[in-house]
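*Asks:* Order-wise, the sequence lines are chains A and B. First residue of the first sequence? That's 90 in our numbering, and the numbers climb one at a time after it. First residue of the second sequence? That's 351 in our numbering, and the numbers climb one at a time after it.
A few of these clues could be false.
Unchecked claim - Ranges of calculated distance between the beta carbons of each label pair, as one might list FRET restraints:
1. B/S352 <-> A/A177: 41 to 47 angstroms
2. B/L353 <-> A/H158: 42 to 48 angstroms
3. A/D371 <-> B/E474: 30 to 36 angstroms
4. B/V480 <-> A/A177: 49 to 55 angstroms
5. A/L380 <-> B/N409: 32 to 38 angstroms
It should be emphasised that the hints constitute simulated quantities derived from the structure, not laboratory data. Think of the CB as a built atom: it goes at the ideal place given N, C-alpha and C, for glycine as much as any other residue.
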Amino acid sequence: MSYYISSVLIVTCVDLIAAWGLDLQFGSAGINNFAFIVFAAAGAYTASVVSLGSSSALGGFQSYVGGSHWPFPLPILAGMAVAGLLAAAVGAVALRRLRGDYEAIVLLVLSLIATGVAQAEIGLVNGPAGLSLIPKPLVTGLGLSSLQYQWVYLGWCAFLTALVFLFLRRIVRSPFGRNLRAVRDNEAAAAAGGRNVFALRMQAFVIGGVLAGLSGAVLVEFVNAWAPGSWLYPETFALLTAVIVGGRANLGGVAIGTILVPILFLEVTRFLPSIGYPGLIDSLEWVVIGLLTLIFMYWRPQGIFPERRRRFPSRSSGAIGSGALLSSRSAFSASLAAPAGSSHVAKSTAAPE
Amino acid sequence: MSLLVDTIVFGIISGSLVAIGAVGFTMQYGITNVLNIAYGPIITAAIFIGYVVSQSVTNLAVLLLVGGVFGAAISYVLGIILLGPFVRRGTKLVGIAIVTVNVGLMIEFSLEAIQGPGLLTFNEIPGSPVHIANAIVNTSQIALVAVSFALMIAVHLLLRYTRVGLAMRATSADPTLSRGCGIPTSRIRALTWLISGALCGVTGIILGVSTGAFESTTGNGLFILIVAAAIVGGIGRPYGAMIGGMVLGLISEGTAAVWSPALKDVVACAVIVVILLWRPQGIAADYSATRVIAQ
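Please put together the full structure from these sequences, using the hints given.
*Replies:* Written as structure tokens, this is what we have:
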């Protein structure tokens with residue numbers, strides 16, 4: 090039981106990092122990254138390859154690109170770097186002023202293509218079988234029992250999660266975060282205010298990609314296996330549902346959403362008596378997750394904990410450019426759903442106290 | 351030489367499939383302004399319906415009819431009965447995309463729950479082999495290509511020569527002005543969902559008959575090519591989708607013949623990337639940013 094609890098907590102930390110990364114893109118910057126899981130998978134794959142060693146070892150039963158024995162924190166950093174680079178490459182194509190829903194469908198199709206290629210090309214990622222026997226970091230050096238190791242690894246994950254939280258809170262509150270929200274709420278006004286819209290979106294996209302890579306790398310070093318089939322496109326929407334249910338652009342809300350949807354919901358169903366063939370409950374879970382998103386999109390699109398309205402102390406200077414941007418601040422929660430003329434829009438004022 | 355003929359013959363077969371799917375997809379976008387991400391799963395659902403029907407009837411015409419009616423019905427439910435309330439609540443484009451993708455997930459995983467583990471296999475449709483140069487094709491494949499082309503010509507005649515088609519094109523160009531001119535735009539939209547949904551269902555039947563084995567994600571594979579074809583043709587333009595579909599079919603069959611079938615997806619990806627970088631007209635924000643969804 091202790092083993093199970095620590096495992097669930099580790100997965101919670103991983104999902105938190107991923108959901109916050111997606112929320113930076115989707116919630117703060119308004120990028121509809123329907124391919125988020127691809128960046129997590131890329132980070133995970135990189136981390137496993139650089140810790141597995143040469144592919145001819147162990148009789149060469151699995152094939153992959155590269156392969157070396159990097160010491161402990163380096164595989165994670167490598168995963169983050171590769172995911173970030175991939176995000177930069179994808180962003181350079183997909184973030185080019187496409188309409189929101191168009192951007193979403195292009196990214197979704199890229200996600201489907203990535204899965205297809207990964208499963209078809211044996212030499213690249215060992216095909217549908219994927220990689221296994223990925224070593225746990227520092228397992229020999231610490232000399233702990235496997236249960237003790239679980240809790241130590243949980244501590245490491247919790248440390249990373251806290252770090253990511255502090256980092257994102259800093260970003261959200263910084264001028265950079267304000268610029269992101271300005272771009273999200275009114276691209277034209279932000280551009281007129283002198284903001285480089287493409288660069289801002291690109292930066293958010295790459296930071297989110299790096300966080301995706303981090304979550305993937307930490308997860309793969311815990312589960313010790315990587316297969317294309319466990320990083321399919323629906324995983325993105327489990328995280329997106331967490332963001333929508335919890336409340337976009339609200340770190341605490343997203344955390345609650347993550348604990349509610351991918352963790353509590355998916356874990357609790359494991360204790361249900363099994364019905365039908367194995368896998369039936371898994372399929373039905375996804376149907377319910379889709380339904381949950383529809384329900385929230387209709388009745389409470391801003392989530393359980395909506396984005397807080399931020400107020401700024403009055404300042405004598407610098408109000409000309411940013412004033413126009415601030416006025417559209419809360420329009421975003423209305424823009425995704427919310428009845429026209431709702432209280433959100435009505436209350437939207439730029440007036441500083 | 352024989353490789354070239356093979357590629358062209360099979361390219362036309364798969365190109366007509368992609369083209370007919372892309373016409374339905376792009377019509378939905380052009381006239382209702384909804385990018386329907388559930389299009390792929392609806393194709394899969396049509397395959398499942400066709401599979402069930404083919405247990406008792408193996409007549410191709412009956413299967414196509416059933417698939418078309420099913421696709422029209424489910425698309426109408428999605429586009430009008432489900433999306434209507436969201437639009438009236440003020441859900442914007444991105445919100446609609448999230449709704450359709452989740453509807454797609456629900457359809458896909460419901461089908462997975464019905465399917466159970468393992469692939470299903472479509473009953474073989476009776477037909478006899480025909481030689482075209484060195485390529486051997488089945489008469490049922492030729493019939494399916496003929497059906498695709500007939501439907502594309504029908505769409506062309508509908509859009510070009512009928513009052514309804516004129517109303518559709520007007521609604522696509524400017525919904526508000528069209529309503530002001532007395533065009534019943536909401537009825538035109540409902541009709542568009544029915545017609546494009548029927549094309550989607552027919553695409554599913556053709557895919558099921560021509561591939562044989564299928565599962566709950568089969569439609570997504572074709573959806574990649576359909577989106578690529580729509581992007582090549584300029585999204586929202588049925589004629590562009592026809593050309594894009596044929597181009598994609600020929601290119602992907604050519605890739606499969608020359609290199610490897612596994613690279614089909616890579617080619618689709620490359621096509622999307624090249625078009626987005628080189629000619630994003632028709633999909634760039636400027637073209638469509640001012641358009642609104644209305645019911």
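*Asks:* Hint by hint, say whether it matches the structure.
*Replies:* These are the hints, each one checked on the structure:
| no. | hint | verdict |
| --- | --- | --- |
| 1 | B/S352 <-> A/A177: 41 to 47 angstroms | holds (44 angstroms) |
| 2 | B/L353 <-> A/H158: 42 to 48 angstroms | holds (46 angstroms) |
| 3 | A/D371 <-> B/E474: 30 to 36 angstroms | holds (32 angstroms) |
| 4 | B/V480 <-> A/A177: 49 to 55 angstroms | holds (51 angstroms) |
| 5 | A/L380 <-> B/N409: 32 to 38 angstroms | holds (37 angstroms) |
Checked against the numbered hints given earlier, this structure breaks none of them.
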